[in-house]
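4 protein chains.
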Amino acid sequence: MDNEMLPPDSAELRALYEGFEANHLKPLWTQTGNLMPKQPAPRAIPFVWKWSDLYPLAVESGRLVPVGRGGERRAIGLANPGLEGRTYVSPTLWCAVQYLGPRETAPEHRHSQNAFRFVVEGEGVWTVVNGDPVRMSRGDFLLTPGWNFHGHHNQTDQPMAWLDGLDIPFAYQNDVGFFEFGADRVTDYATPRFSRAERLWGHPGLRPLSQLQNTVSSPIAAYRWEHTDRALNEQLLLEEEGHPATVGQGHAAIRYINPTTGGDVMSTIRAEFHRLKPGVQTPVRREVGSNVYQVFEGRGSVVMDGVTHKLEKGDIFVVPSWVPSSLQAETTFDLFAFSDAPIIERLNFNRTLIEDRVP
Amino acid sequence: MDNEMLPPDSAELRALYEGFEANHLKPLWTQTGNLMPKQPAPRAIPFVWKWSDLYPLAVESGRLVPVGRGGERRAIGLANPGLEGRTYVSPTLWCAVQYLGPRETAPEHRHSQNAFRFVVEGEGVWTVVNGDPVRMSRGDFLLTPGWNFHGHHNQTDQPMAWLDGLDIPFAYQNDVGFFEFGADRVTDYATPRFSRAERLWGHPGLRPLSQLQNTVSSPIAAYRWEHTDRALNEQLLLEEEGHPATVGQGHAAIRYINPTTGGDVMSTIRAEFHRLKPGVQTPVRREVGSNVYQVFEGRGSVVMDGVTHKLEKGDIFVVPSWVPSSLQAETTFDLFAFSDAPIIERLNFNRTLIEDRVP
Amino acid sequence: MDNEMLPPDSAELRALYEGFEANHLKPLWTQTGNLMPKQPAPRAIPFVWKWSDLYPLAVESGRLVPVGRGGERRAIGLANPGLEGRTYVSPTLWCAVQYLGPRETAPEHRHSQNAFRFVVEGEGVWTVVNGDPVRMSRGDFLLTPGWNFHGHHNQTDQPMAWLDGLDIPFAYQNDVGFFEFGADRVTDYATPRFSRAERLWGHPGLRPLSQLQNTVSSPIAAYRWEHTDRALNEQLLLEEEGHPATVGQGHAAIRYINPTTGGDVMSTIRAEFHRLKPGVQTPVRREVGSNVYQVFEGRGSVVMDGVTHKLEKGDIFVVPSWVPSSLQAETTFDLFAFSDAPIIERLNFNRTLIEDRVP
Amino acid sequence: MDNEMLPPDSAELRALYEGFEANHLKPLWTQTGNLMPKQPAPRAIPFVWKWSDLYPLAVESGRLVPVGRGGERRAIGLANPGLEGRTYVSPTLWCAVQYLGPRETAPEHRHSQNAFRFVVEGEGVWTVVNGDPVRMSRGDFLLTPGWNFHGHHNQTDQPMAWLDGLDIPFAYQNDVGFFEFGADRVTDYATPRFSRAERLWGHPGLRPLSQLQNTVSSPIAAYRWEHTDRALNEQLLLEEEGHPATVGQGHAAIRYINPTTGGDVMSTIRAEFHRLKPGVQTPVRREVGSNVYQVFEGRGSVVMDGVTHKLEKGDIFVVPSWVPSSLQAETTFDLFAFSDAPIIERLNFNRTLIEDRVP
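Protein chains in written order, with my numbering: chain A, 1 to 359; chain B, 1 to 359; chain C, 1 to 359; chain D, 1 to 359.
Quick caveat, the hints were computed from the structure, so don't treat them as lab data. Zero decoy hints are in this set.
Identical chains blur together in the list; that is why a pair holds if it fits in one copy or across any two.
Derived pair list, reagent style BS3-like, types lysine-lysine, alpha-carbon separation capped at 25 Å:
hint	residue 1	residue 2
1	K313	K26
2	K313	K50
3	K310	K26
4	K50	K26
5	K26	K38
6	K277	K313
7	K277	K310
Excised from the complex, chain A in its bound form:
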């Protein structure tokens, strides 16, 4: 639509615009369309990072860059090509591959930013969260909610890599972050099979009577793969037996939750796990907010904005806000997913559109 407010150039108009400039003012009428598009027009683009590219670079980092204080983590961030060279996978989310070599320690610190880890492969690292050592193994989803001290150490002779997700861009953009250094070594090098958090909270439907105060973030430090895998399998079995259980035909999914509220694990980040049976294709979906997925197992593809991307184990992709997307499973297809949905929903900006068509 034409902008009826743009007057012809004139000396007076130029003087007016100079007055704006001198006084740190800007007219709305020269910028409406960009600032307030008809629908979300993300600068972030749909993008796939291949594990086959990522992992060797992580290994090489392990060889060349020591892990230590100041840099804090040997984490390689995914920088969405649309976001002006910033290490943002989306405007709200940070996603990185972290690599810890044999016997290395990443020092302790804490920050307002909420963090999680997801382990696509390997084991042998313990993350120590507020003094509680938490084993990291394949398929586990691990929490480090804001302002908890945490460090990591590798107990083995093998390196280990995993996915880190945080709300760093959101915190940076909105000036909400605090950061504090902790111990240079982790506070406890014990390597228990289960963290204290799990021993206290990891019992379905049971709440410790000493813990009746609800918490902003989930007190469960580790969501173990064995539970996730079993929950997904049961959904598919129930579906086969004729009972409602899945989100779509052949599509099992769980959301990780805070047991004190039944809601998302952290205030800014939602995390889920999806399993598609071979051949399943999900409806084309548009959602306000940014979604990131990592392939955990299997082969398939994602169609984003009409473009098909082949996917293999370890591949990570981002679906920016309102970009139409659909998943397709070639084999049984397991994907870990996270998003900024709690931000979007708590501020009531959520909208979803399921398109009635094949991609």
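Place chains B, C and D on chain A using the hints.
Below, chains B, C and D alone, put in the same frame as chain A:
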């Protein structure tokens, strides 16, 4: 305190009181003290029902009384001696021992009243809740929230007895109950090890993506003993290792919760399980609301209003509102507990007083 | 339906029943129908108390009975004929007419029971709530939530009568009440036009920054008639102008709310005001829970359980749980209403049935 | 602190960094300090816009720039000098002065972005929100929550200017905004004294029975100055009488709220009004989140980061996240304030530090 409002008897006064009577009116000034006591003055009394008395009567009922339509359940209700001959364990709660003989079926029905079962001994019965067969075994806590069809059947050649808890008195007193007959037989005689509800919901911290709507009552049909037992053990182990986990020294406890909210399993009934180490004695406690306990295992005693009652496996006792009580463990002492606390708390009548003394 | 569980009489059976009796037990199978009816079967009956009967008795009480400590209030309670001679207008609610003679003082006390007053006629009394003097005038709705000290005094040479509503039966039945005497005189005999509570809270949509903590009960001590009247008028005007505003054609209504939450004024009592245009008849409605109305102005009738009762100013009637009822307005018909709906709804027992028929 | 992770330059390292670049990756260790500062380090700076500069430019815009479709509004946005030339008063908030000449109409549109208007001076404009004409007068606070159609028209021969506040930067940054054009003229040119929204909702503590569903944003379209002024006056009077009412000695304040919840008026924007008595100085305060103020009446100053800025009627200033600030009143000092606090609090990033010192 004297009642300054009581005028001397007179013809005029008698005429006034007759006027009240004729018009279905009553003066407050003749009844304040009783109606509004300085602190809760329950008519219910502290009382212990011995399993050694209860169980043989249940067996005898099994011999003499058929289970069937109309009477619906072979349930023997605990009638608090203070409550005018009603089958109320407290003004709000119903507690009964239900007995089902070999191969018997208790027919299906549904009602607004919330119900649970707790199994102090035995196995072999399946309760079918809205068509979902739920195994009942020792130590399990099982839900039948309001308006779910349910029936039971015994698959074995052994009788089985268990504890039923409901909010029948509350529903009756406040005229909120609806009741409907269902099938004369249960709708599904399958005997799966795990109910569909458990297969969908029984994974710690994981919520099916197809079930994002919160529910008034917990969707978990069965809280299994193995989880309860492990949760309590872990609390005691964590305490021994020097970490906060128990509600008091040597006193582990869990509350059964609705995973969609983190709150109580049903709107009117709270359920918990407590484990005391040998020799532990809990502080004297007064609480608004009624609490009922059943000894699951071990030996100990309860002091109520200063009177000590010895307790053994299966014994059931009620602590009426504001009655001071304390538990004492002789052996490891396991108790199932339920109460009307959700009623009290949702209506903001809750008060607790922990007395700083030995009972 | 027949009770299939009633065995033929026998010596063994009698022995069993004696065993029950001796051990404070009762079988469910002899009482199911009464305890768990198919729909609420309230013992309370629909009933109308005529103001023309009530008020003269209140006046006579004023002449014969002094107001003072012990009896506390010259309040005459409405005793539902169905409720075994208790001063209960319903199983949950207490409703009384309180009468205070010229220059009298009702002494201060406090109790867990929630209370309100509604003024059908007159003025000149101040109720002093936690030291804050609150004027009482015709049409005002005034709160004394649980555990606030309160007393009343009449500043004039005229007597005054008003309606008291409390949750005394509920508190008594469930053993939740505490009571404490306060000053024998009220703590402040000032007679300001507006209470401090109103001055702080009575501004639409504005919350004092010093009062950001939500409160269990409304902090607004007095809901003035001028606001209620204007709100109802505006609804009817908006309806005439073609905009949605009323609950039904010609039926304006407001609910009194707690401004810190938008919910009911107190945890156990809902209060509303209804205005019907002449000729309006409301649909037949059944609701779980007890509703009490007082005619504030105008003439009309209520049909309860098919029986029509004529109503005039001051008349009070109760609609017990699930009793079908409908209001009919002869003139403009103003009714104050209160109920136990917060109890019913917070415990998820609420059901409503609007019947598609004329009464 | 030194960054121990920075290895010496080498060909291998350069190759690694080139590999990162080629694959849209970035290491965390080169950017931690900036991305995750020890405390919020806003790029936005504390800044004051003088009304004496702003207003003449608005007038000149009125002379030179027609209001119309495409540009939509003759709004002049405040561009924080620290925010890279964007029209953001803070990272989250947009603040503009809007100017509407005699008899002009700003066309209708709607958008996800939440908007409000505050009138520092003048009258004669009606904003039409979803078809409901809302008068705009001095001191009024007016809402246009997300996705409501709205346009404005000036009914008089005088121009009018007011303050617009929106969450445009937040919506833009996070890709959550939708926008739709509406009628080129407003849908209703009526000029009622009170909007339908006010007539329905503007009664303290009274909720229309037809409106029991809670709403995401406040249904009150206009918060009138007369109520705000009275509420503030009453607080100061109550303080003088010795009662708790103000937030600090001589400092009255109200928050505008959504009456359906008691919470903020919109999901992303908080609005308040503050009144300081002459001579009052508020404690130095740091808060996570951005606050914007406009002087409504009186003279005083604000100290931000230790720098004192003199303030007069109409002046607007921003306090970026965690910047210490204090207000000082020379005369009675009235300020309208708005912030992104609902964003910060709903995502649990809120922190406040009151410093125990004079600025």
